[in-house]
Amino acid sequence: MKRTLSCLLALVMLLSLSVAAAAETEQEDIELVSALDAKGEDATELVTVTSFADREELSEDNLKMYEDAIATILKAFEEAARNDPRVHVDSDEVVVALYDTCFVELDENGEQPFEIEVTAPENYKASMLFTDGVWNVIDTELDNGNVRYTQEGNAVLAEIVIYASGKGGDEEHEPGDQGFHPSRENYEQPELQEVVDRNGKNVNDNLRVIIYRDNEELPKVHRDVFELAYEDLYEHFDEISVEDKELSEAADGKPVAVSDAFFVSARDSSRIEYNLRIRLELTKYGTPDDDEFVALMEYVDGVWQFADSSVSDGVLSATIDHIGPFAIVVFSVE
Amino acid sequence: MRRKTRGDKRSLLLVGVLAALILAGLLAVYLWEQHELALERDSVVDESYVPSLRPVLQYEGQRYRMRDGIETYLVIGLDKFSTEKLDPLDYVNDQQSDFLILLIADHDRKTLNALHINRDTMAEIQRYGLAGRKLKSFTGQLALAHTFGSGGRDSARYTTDAVSKLLYGVPMEHYSTLTLDAVPTLTDLVGGVPVYIEDDFSRVDPALARGTTVRLQGGQALSFIQARGAMNDASNLNRMARQRVYMQSLYEQLRLNLDQDDSFALRLATELSGTMVSDLDVTELAELAETWKEYSFAGIETVEGEAVLGDIYIEFYPDQDALQRQILRLMFEPEQ
Numbered sequence: 001m002k003r004t005l006s007c008l009l010a011l012v013m014l015l016s017l018s019v020a021a022a023a024e025t026e027q028e029d030i031e032l033v034s035a036l037d038a039k040g041e042d043a044t045e046l047v048t049v050t051s052f053a054d055r056e057e058l059s060e061d062n063l064k065m066y067e068d069a070i071a072t073i074l075k076a077f078e079e080a081a082r083n084d085p086r087v088h089v090d091s092d093e094v095v096v097a098l099y100d101t102c103f104v105e106l107d108e109n110g111e112q113p114f115e116i117e118v119t120a121p122e123n124y125k126a127s128m129l130f131t132d133g134v135w136n137v138i139d140t141e142l143d144n145g146n147v148r149y150t151q152e153g154n155a156v157l158a159e160i161v162i163y164a165s166g167k168g169g170d171e172e173h174e175p176g177d178q179g180f181h182p183s184r185e186n187y188e189q190p191e192l193q194e195v196v197d198r199n200g201k202n203v204n205d206n207l208r209v210i211i212y213r214d215n216e217e218l219p220k221v222h223r224d225v226f227e228l229a230y231e232d233l234y235e236h237f238d239e240i241s242v243e244d245k246e247l248s249e250a251a252d253g254k255p256v257a258v259s260d261a262f263f264v265s266a267r268d269s270s271r272i273e274y275n276l277r278i279r280l281e282l283t284k285y286g287t288p289d290d291d292e293f294v295a296l297m298e299y300v301d302g303v304w305q306f307a308d309s310s311v312s313d314g315v316l317s318a319t320i321d322h323i324g325p326f327a328i329v330v331f332s333v334e
Numbered sequence: 335m336r337r338k339t340r341g342d343k344r345s346l347l348l349v350g351v352l353a354a355l356i357l358a359g360l361l362a363v364y365l366w367e368q369h370e371l372a373l374e375r376d377s378v379v380d381e382s383y384v385p386s387l388r389p390v391l392q393y394e395g396q397r398y399r400m401r402d403g404i405e406t407y408l409v410i411g412l413d414k415f416s417t418e419k420l421d422p423l424d425y426v427n428d429q430q431s432d433f434l435i436l437l438i439a440d441h442d443r444k445t446l447n448a449l450h451i452n453r454d455t456m457a458e459i460q461r462y463g464l465a466g467r468k469l470k471s472f473t474g475q476l477a478l479a480h481t482f483g484s485g486g487r488d489s490a491r492y493t494t495d496a497v498s499k500l501l502y503g504v505p506m507e508h509y510s511t512l513t514l515d516a517v518p519t520l521t522d523l524v525g526g527v528p529v530y531i532e533d534d535f536s537r538v539d540p541a542l543a544r545g546t547t548v549r550l551q552g553g554q555a556l557s558f559i560q561a562r563g564a565m566n567d568a569s570n571l572n573r574m575a576r577q578r579v580y581m582q583s584l585y586e587q588l589r590l591n592l593d594q595d596d597s598f599a600l601r602l603a604t605e606l607s608g609t610m611v612s613d614l615d616v617t618e619l620a621e622l623a624e625t626w627k628e629y630s631f632a633g634i635e636t637v638e639g640e641a642v643l644g645d646i647y648i649e650f651y652p653d654q655d656a657l658q659r660q661i662l663r664l665m666f667e668p669e670q
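Going down the list, the protein sequences come from chains A and B.
In case it helps, my numbering puts the first sequence at residues 1 to 334.
In case it helps, my numbering puts the second sequence at residues 335 to 670.
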């Protein structure tokens, strides 16, 4: 039965790909166009490009590398957007944002480095490459809608786009699926009450809070980060709650559980002046009592860690120095 | 491993078209497997789950035990259509239970009773966090119990637990949740459901003229049982009364079809499978329908109580004494 389902899903995926290729209305995966080896000979067949959604197809080592890359991409991107002239934009009218990532695997039989050409989105701005555990902005050449760059060894590639800052609000849909969409009705989201940056400026308009259930509303790379973080929390919370000393102390030996997981997302994360003082009104039925709340956990560079926070009258107050996934830990009654 | 080049796009398109053709052929299999997956969506719930033991109740100095022949089956009508994508990892969903009816079969007496429970009944609701961890409970509308968990079997069990607590620990031995699309499917399957229209539906569906008997077809049935805000009485009580009218008439139509067509029970269960999450499989549901058609139906009772407007939403407070007497009468007998 599972085989039939897998077969069907594969067919549906192929159908979706062909429809997307024809219509080109939705965000496409990064695709390989061509590759040349160090001798200038065609090496296209020696390169494999895998999207994050298909990462389970990778070898164990490459999968770990891809997941490490995704876990660390947000801070690396912000750093690049602030300081690297290839990514940074001066104008308030435009914003840079992560578009998509892929794992680029080079066959060992080819003479490296390879010159690789991949597809790029319409508003392409720059690329970053993750090699040896570090993200770096790389030099690229944009040609006829494709991007060329040089790569040696396996790497994770990230593409960055630029779009109008669109201060108009939620209804705007930005290229690269960067827009925010309204939340669904009938169950509640933690509601952002106030966010103040380190200069005392209210930056509510720049931030959104999305619970895991609605992660499809996030821009794609943020969604990938959240998925990774959530799965880690889902599968390893028991270990996390023991290994994190501050959480373990706060729990004081009592059983704990995660009552809510949410992503703090920014329309323009590269211009945020951390530290942010954030106040969130929690979900009506997800709200821990003051004596039920244990801790806020934050996902930083692939690790869930204790964050300084408090809850009072259903409002969570915390100081944060990054955007990304967060989780509320409460006492469990099990 | 996937290798994608621009040259591949044409072949992908071709394969895509072929896939579309094959897709049609596999659709039936897919729908069935979706149903099977829905049945399996309980990964966050302890697999050793069993309904709680039969309680002994004490009322006015007398001890009562649950009658041996009693079997309970909770039908949960959800307020969403089945198109909603469910993720087994989710700890919260947006499907509230809009309609709750407890079917009580007495296999010794060969009777079937039905207890209609108000979705706004204020009850103890267990909260669940990630991976189904139990959190502190709260008092809220019964409809909310289903919004914890993935929206699959785990959420259904959270609802049966809440109903069980409300009814003094009476175990909910079986359950089915049905999405909104089950109503038109069911209505059409029995050839329409005749009802007398007592309310003013002019703002909802002018074809449902007050003071006439209409044989509800398809989506019309949804309008009839669902309309609330657009009606004169926005509380759930009026709507519940209509739901009982519909259920009573539907029961008669179901019975008629079951009597006339030997394959109807299986067809019924199969047709509903795409809209249903249940602890029973299609064959078991069909067998249940076949068994129950021989039983005498005592009608649909409701729980007495008072509906009041809370901070924002309607809250229904059951008359605890009346409820306890009702539960004792329907399912218990004095302990010897």
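In case anyone wonders, no lab produced these hints; they're calculated from the structure.
Hints are supplied without guarantee of correctness; some may be wrong.
As the list claims (entries may be wrong) - Result set (DSS-like, lysine-lysine): computed pairs, CA atoms no more than 25 Å apart in a straight line:
id, chain 1, residue 1, chain 2, residue 2
1, B, 627, B, 419
2, A, 75, A, 201
3, A, 254, B, 627
4, B, 444, A, 254
As the list claims (entries may be wrong) - Taking beta-carbon pairs under 7 Å as the criterion, some of the chain A residues facing chain B (in silico):
id, residue
5, 67
6, 133
7, 135
8, 138
9, 213
10, 258
11, 259
12, 292
13, 332
14, 333
What the hints assert, rightly or not - Take a look, some chain A residues computed to stay more than 12 Å from chain B by CB distance:
id, residue
15, 84
16, 112
17, 151
18, 152
19, 199
20, 227
21, 233
22, 256
23, 279
24, 309
Quantities reported herein were computed from a predicted structural model and do not represent experimental measurements.
Each residue gets a CB set at the ideal place from its N, CA and C atoms; glycine is no exception.
field: Structure-inconsistent hints, enumerated in ascending order
entry: 1, 3, 4, 5, 6, 7, 8, 20, 21 and 22
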